[in-house]
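Here is how the chains run, residue by residue.
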Amino acid sequence: MLNLSFLGKSKIEYDGKEIEDKLGNKAIALVCLLVLNERRYLSREKIIGYLWPDSNTDAAKYNLRYNLWLIKKNILEDKKNNSFIKVDTECCSINSKYEFNCDIINIMKFKPSCQDSVEGILKLKRLFRGDLLEGCYFNKCDEFNNLIIYERINFEQHKVKILQRLVEVYENDNRYEDCIDVLNEILEIEPYDEKIALKLMDIYQKSGKRAVAINYYNEFSYNLSCSLGIHPSNELRNKYNEIKMSVADCDETKSGEDYIVKTTDNSDINIISYCIKNVEYFWMSDVIGKIVNIGLDDYIKQLNQKQLMDLAYIQSEILRFCNEDISSVDYKTEVIGVRIINSFVKLLEAVCNERSMIITILNKSDMDGISSNVVDYLKRIQIEGLRIIEE
Amino acid sequence: MRADIIIKNGRCMTMKDKEIKDWVAIEKNRIIAVGSGSEYESVVGNETVVFDANGNTVLPGFIDSHFHVVQTALDSVSLDLSDAKSHEEMGEKIREASKFIMGNYIRGIRISEGQFKEKKYPGRVLIDKYCNDVPVVLNSLEYQVSMLNTCAMLYFKIPFTAEGIDMDEKQMPTGIFRKQANAILRTNILKNISETTRKVAISETMSTLLMNGITTINAMEGGFMYCDKDAEFVFEQGSEFPIDMVLFYQTMDIEKIKAMGLNRIGGCLYIDGTFGARTAALSFEYADCPGTMGSLRLTQQELNDFVIQCYKNNLQLALYTIGDRAIESALNAHENALYQTGITGLRHRLEHAELINDKQIERVKELNIILSMQPSYETYWGGMGKMYEQRLGDNYKRTNPFKKLIDKGVVICGGSDSDVTEPRPLLGIHSALNHPVAEHRVDIYEALKMFTCNGAYGIFEENIKGTLEVGKLADIVILDQDILSAPLAQIDNIKVSLTIKSGEVLFNRFG
Numbered sequence: 000m001l002n003l004s005f006l007g008k009s010k011i012e013y014d015g016k017e018i019e020d021k022l023g024n025k026a027i028a029l030v031c032l033l034v035l036n037e038r039r040y041l042s043r044e045k046i047i048g049y050l051w052p053d054s055n056t057d058a059a060k061y062n063l064r065y066n067l068w069l070i071k072k073n074i075l076e077d078k079k080n081n082s083f084i085k086v087d088t089e090c091c092s093i094n095s096k097y098e099f100n101c102d103i104i105n106i107m108k109f110k111p112s113c114q115d116s117v118e119g120i121l122k123l124k125r126l127f128r129g130d131l132l133e134g135c136y137f138n139k140c141d142e143f144n145n146l147i148i149y150e151r152i153n154f155e156q157h158k159v160k161i162l163q164r165l166v167e168v169y170e171n172d173n174r175y176e177d178c179i180d181v182l183n184e185i186l187e188i189e190p191y192d193e194k195i196a197l198k199l200m201d202i203y204q205k206s207g208k209r210a211v212a213i214n215y216y217n218e219f220s221y222n223l224s225c226s227l228g229i230h231p232s233n234e235l236r237n238k239y240n241e242i243k244m245s246v247a248d249c250d251e252t253k254s255g256e257d258y259i260v261k262t263t264d265n266s267d268i269n270i271i272s273y274c275i276k277n278v279e280y281f282w283m284s285d286v287i288g289k290i291v292n293i294g295l296d297d298y299i300k301q302l303n304q305k306q307l308m309d310l311a312y313i314q315s316e317i318l319r320f321c322n323e324d325i326s327s328v329d330y331k332t333e334v335i336g337v338r339i340i341n342s343f344v345k346l347l348e349a350v351c352n353e354r355s356m357i358i359t360i361l362n363k364s365d366m367d368g369i370s371s372n373v374v375d376y377l378k379r380i381q382i383e384g385l386r387i388i389e390e
Numbered sequence: 000m001r002a003d004i005i006i007k008n009g010r011c012m013t014m015k016d017k018e019i020k021d022w023v024a025i026e027k028n029r030i031i032a033v034g035s036g037s038e039y040e041s042v043v044g045n046e047t048v049v050f051d052a053n054g055n056t057v058l059p060g061f062i063d064s065h066f067h068v069v070q071t072a073l074d075s076v077s078l079d080l081s082d083a084k085s086h087e088e089m090g091e092k093i094r095e096a097s098k099f100i101m102g103n104y105i106r107g108i109r110i111s112e113g114q115f116k117e118k119k120y121p122g123r124v125l126i127d128k129y130c131n132d133v134p135v136v137l138n139s140l141e142y143q144v145s146m147l148n149t150c151a152m153l154y155f156k157i158p159f160t161a162e163g164i165d166m167d168e169k170q171m172p173t174g175i176f177r178k179q180a181n182a183i184l185r186t187n188i189l190k191n192i193s194e195t196t197r198k199v200a201i202s203e204t205m206s207t208l209l210m211n212g213i214t215t216i217n218a219m220e221g222g223f224m225y226c227d228k229d230a231e232f233v234f235e236q237g238s239e240f241p242i243d244m245v246l247f248y249q250t251m252d253i254e255k256i257k258a259m260g261l262n263r264i265g266g267c268l269y270i271d272g273t274f275g276a277r278t279a280a281l282s283f284e285y286a287d288c289p290g291t292m293g294s295l296r297l298t299q300q301e302l303n304d305f306v307i308q309c310y311k312n313n314l315q316l317a318l319y320t321i322g323d324r325a326i327e328s329a330l331n332a333h334e335n336a337l338y339q340t341g342i343t344g345l346r347h348r349l350e351h352a353e354l355i356n357d358k359q360i361e362r363v364k365e366l367n368i369i370l371s372m373q374p375s376y377e378t379y380w381g382g383m384g385k386m387y388e389q390r391l392g393d394n395y396k397r398t399n400p401f402k403k404l405i406d407k408g409v410v411i412c413g414g415s416d417s418d419v420t421e422p423r424p425l426l427g428i429h430s431a432l433n434h435p436v437a438e439h440r441v442d443i444y445e446a447l448k449m450f451t452c453n454g455a456y457g458i459f460e461e462n463i464k465g466t467l468e469v470g471k472l473a474d475i476v477i478l479d480q481d482i483l484s485a486p487l488a489q490i491d492n493i494k495v496s497l498t499i500k501s502g503e504v505l506f507n508r509f510g
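Quick mapping for you: the protein sequence lines, in order, are chains A and B. Going by numbering that gives the first Met the number 0, the first residue of the first sequence is number 0, and it counts up by one from there. Going by numbering that gives the first Met the number 0, the first residue of the second sequence is number 0, and it counts up by one from there.
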């Protein structure tokens, strides 16, 4: 069996033996070139242009013939008498019928899908031992060198895509520790990528590592500013504030394993909520969304279908608790406000009936009008167990 | 008691109470006697080496309080391309250098776009024309841009997915890297520098330092734009070099500092940027770029949190501040930390502090903060028509107000900021005496203090260094003139004749 591996220092294994030394750099480069052009015939002329551009025609032709011979000599026909490389007077190509394994072909085939398994992605990830044809540089072979640079860009992008997919799969399985490892790997490639940093903060938060998240943010923000003279995006900063605030709200003497939102015992539920100016219902929608996201399903289910539909009107996350299609509901716009507010209060009551809840409002001055009136109302009716803090 | 070395006939400025003596006696690594007249004869033995200073100045060894030692060392083995006027001229220098390559790649430095008649940075295809068989890495003046040839593109780990990779019309990288890509690439390349390369380069720099009379440096290492490996190298191997290196680790990782057992943190711990790049935080707009005022790298809250932690952990903290807005922010954080913790005596420092204003001078004094400043900046950039004036307009008259600071009783340590300016304390002293703005000039004694006793105070070493007193380390320099009688405008021409470090003669022009 033939195993080709070009990511990192090239490894060519045939029948369990490494044969790179027997082939030499140019023959390895030739195999790599043919693999990269797997579905095409490459003309001899084109190959010469890549690998022997500065030799005279005869010498170049001889070099190509010699290297093809070298490959043929070391990589024998398979059981069905297929030779690894198909050669005719004009062109060369890899024989698609020949059985072999090749890292870059496997990677090129990868397309993220819902069937991805952790094992499958890890297998691909392990193929990245380093850069394509690492340590290779062919002086004066400009076109070939350009090709390597071009393909290195491609494979780096593939690698990031694969790692990102792995993060998703791990996250779905609630494997946060593994998620964090992979995110750090991506950050090694792209240390200033704010989206990845945000994701990492998010996972730290989900796994209860508040202190690590805060430290990480400080370090990230400082590095960003020293190396690039820029500040973190608002999104990242908000995330940081959210995590930091939740620390302040909790009893700091408790162990570091506290979750921002307790769902497993009967301690306080903390919700950090945001406001957006002039977008009606936004604050309420934010609170509902967070109640859904932290998995307070039991309390949500205490609402009847009508009430749930009312809430779904401003927060689509509720839809998964609804049996009906929201578009089928005939809302009378003049009364929908009343119904939403009533259902919202019902939801808070359902939660606070069994648990204490603290809702922190981060930027109250930006709160939309309806939510603002609702907050006033909530303060007046004083639901037992509900505390609203305005920052 | 017999001395190993005697320096006689000197104008020995002890830097203690302005006393001047005639001779100094050394045994092993310490000063054992200082005196006047012929009293020294009683400690002369058969083996005593006697140096005759010929009436010239003898001083404590110079302390350079702000020095990027690894960067200076690497620069000394790099190709300075600042005077190439065209791409061709630059290319020829690279071609020449490729014949005598040291290490595994050619490192070209100090390039600016404007210096070339082409008015642009060279890309890889161009560099390839002059050198295509060895990796070539070129750096812009302030390291904001890197340029690689094709060989280097394949040799180094390139951050292909990062922002800032310049592409040509065929969507191929041109070899010019900016922003994120440049920062990552630079880190990748610096990480790859071997310990041996660092060691060899630093060893070679030592002779230049000793020739300039430097016996102690504050090594500002690690962190961004530099490399943590530099700091770790100085931490682990700094003591193997003849000159004392006091490490300032440029990190905000307090835990790491504690684990290493260091009692100080910072150095170029950026609160703002540079005047050159118009990133230093000013309270007014840049004269040559209206609308720009520079920016702070940390919010006040972030800085406050960090500074408090330094106080609580009893760490001496050195913050990099250039513009007045950055200085303000740093002082706010120090005040806050002081009020919250009540901890004093840590001798915190502000590095550079070029644009400090009168109010801030008062606050610095009240907080007992040391300023670590670079007088030679004034020679490079100060005065009419130079960089300070271009960037700051009339405010150039406010930069580096040494006299005001000293009159207020603020301690100033002098440094070169090498590799930014030459590692030559006498140039720093000259610059402080000849400040382009007359009211900021200081007298010779104060200028010398910056590079001797004040430098020692800035690193808690005043008990062993900084003056010529009995019991102190024998770190001593002899100059080739009497600095007190030399014309002020020519202090710059004075040279060091002899440098003794811990009792060892390490540089000797006497022959």
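Please keep in mind that the hints were generated in silico from the structure rather than gathered at the bench. Values in this document were obtained by computation on a predicted structure and should not be read as measured data. Be aware that a few hints might be false.
[Unchecked claim] Just a few of them, taken from the derived set where beta-carbon distance is under 7 Å, the chain A residues facing chain B:
#, residue
1, 73
2, 148
3, 155
4, 156
5, 157
6, 191
7, 221
8, 225
9, 228
10, 232
[Unchecked claim] Only pairs whose alpha carbons sit at most 30 Å apart, straight line, appear in this in silico DSSO-like list of lysine-lysine:
#, chain 1, residue 1, chain 2, residue 2
11, A, 10, B, 190
12, A, 60, A, 72
13, B, 92, B, 119
14, B, 364, A, 10
15, B, 169, A, 194
16, A, 10, A, 205
17, B, 15, A, 25
18, A, 160, A, 289
19, A, 139, B, 364
20, A, 139, B, 257
21, B, 15, B, 385
22, B, 92, A, 194
23, B, 255, A, 208
24, B, 156, B, 128
25, B, 190, B, 255
26, A, 85, A, 108
27, A, 122, A, 78
28, A, 289, A, 305
29, B, 156, A, 25
30, A, 205, B, 15
31, B, 169, A, 160
32, A, 108, B, 190
33, B, 156, B, 98
34, B, 228, B, 385
35, A, 60, A, 85
36, B, 494, A, 124
37, A, 108, B, 156
38, A, 8, B, 98
39, B, 494, A, 208
40, B, 92, A, 208
Glycine included, each C-beta is placed from N, C-alpha and C at the ideal position.
Of all the hints numbered above, which does this structure not satisfy? Sort the numbers upward. Hints 1, 5, 10, 14, 16, 17, 19, 20, 21, 22, 30, 32, 34, 36, 39, 40 not satisfied by this model.
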